[in-house]
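> Sequence:
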Amino acid sequence: MIKFDVKNRFTGDVQFTAEIDAEETDDTSVKLGLAIRWAIKSRADLYGADLYGAYLSGADLSDANLTSADLYGANLTSANLSGANLTSANLYGANLTSADLYGANLYGAYLYGADLYGAYLSGADLSDANLTSADLTSAKNAPNIFSFGPIGKEWRTAYAYEHDGKINIRLGCFNDTTKEAIKKVSKKYGAKSEYVAAIKLAEKVIKARMK
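First residue of the sequence shown? That's 1 in my numbering, and the numbers climb one at a time after it.
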């Protein structure tokens, strides 16, 4: 058994010290994964924890509070994240292949380039999440969300998604209804712009899925 410190991603201070069954020479990602498992069992605070690159394949993280945690590049293949709170978590490039995200809160999570192939997403809240370049291929029971782009000279990616029975558009910092989105882009790019056409098409896609 060894002691392993987990730090806060924002302050750099030690957030908790875990006792794990590992060797000092073991890979940091493995030790970190064991420390997270220890934290959940010990009810240690994981809010805003620096969990960069953690190896958590097959881990039971159900109902864990991982709000604002840094899980950049973490291996979460087949992990149980049902009911987990991942609000504003950094999941850039994380591997979530076949992960169970039933009812997980991913509001505002950064999922740029994340691999969600075959993930179970029933009931997951992906509102305001950044899914740019994320792989949702074969994702099961995914909420009504549709990424489209690149659009315009800026090559921007946007999202249309259902939230509380309404269809919203997320484009950069903008996040509002399709009506407001069309109004905004029409003013900036013109009523016959590529942006307006793309938003209207995305709205049709979500409406078809809602039937």
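In case anyone wonders, no lab produced these hints; they're calculated from the structure. One thing to keep in mind: the hints can contain errors.
Computed list of lysine-lysine pairs in DSS-like fashion (alpha-carbon distance at most 30 Å, straight line) [said to hold, decoys possible]:
1) K204 <-> K153
2) K166 <-> K188
3) K204 <-> K188
4) K153 <-> K192
5) K207 <-> K166
6) K179 <-> K204
7) K192 <-> K166
8) K41 <-> K7
9) K166 <-> K179
10) K166 <-> K204
11) K140 <-> K153
12) K184 <-> K166
Here are the computed distance ranges between Cβ atoms for each label pair [said to hold, decoys possible]:
13) S186 <-> S42: 22 to 28 Å
14) G123 <-> K41: 21 to 27 Å
15) L201 <-> R43: 46 to 52 Å
16) A208 <-> D5: 46 to 52 Å
17) S122 <-> E180: 27 to 33 Å
18) I2 <-> K188: 55 to 61 Å
19) S147 <-> S42: 49 to 55 Å
20) V205 <-> C173: 40 to 46 Å
For each residue, glycine too, the CB sits at the ideal point set by N, CA and C.
> Compare the structure with each hint and give your call.
So, going through the hints one by one against the coordinates:
no. : hint                      : verdict
1   : K204 <-> K153             : holds (24 Å)
2   : K166 <-> K188             : holds (24 Å)
3   : K204 <-> K188             : holds (22 Å)
4   : K153 <-> K192             : holds (15 Å)
5   : K207 <-> K166             : holds (9 Å)
6   : K179 <-> K204             : holds (13 Å)
7   : K192 <-> K166             : holds (24 Å)
8   : K41 <-> K7                : holds (18 Å)
9   : K166 <-> K179             : holds (11 Å)
10  : K166 <-> K204             : holds (12 Å)
11  : K140 <-> K153             : violated (33 Å)
12  : K184 <-> K166             : holds (18 Å)
13  : S186 <-> S42: 22 to 28 Å  : violated (54 Å)
14  : G123 <-> K41: 21 to 27 Å  : holds (25 Å)
15  : L201 <-> R43: 46 to 52 Å  : holds (47 Å)
16  : A208 <-> D5: 46 to 52 Å   : holds (51 Å)
17  : S122 <-> E180: 27 to 33 Å : holds (29 Å)
18  : I2 <-> K188: 55 to 61 Å   : holds (56 Å)
19  : S147 <-> S42: 49 to 55 Å  : violated (38 Å)
20  : V205 <-> C173: 40 to 46 Å : violated (23 Å)
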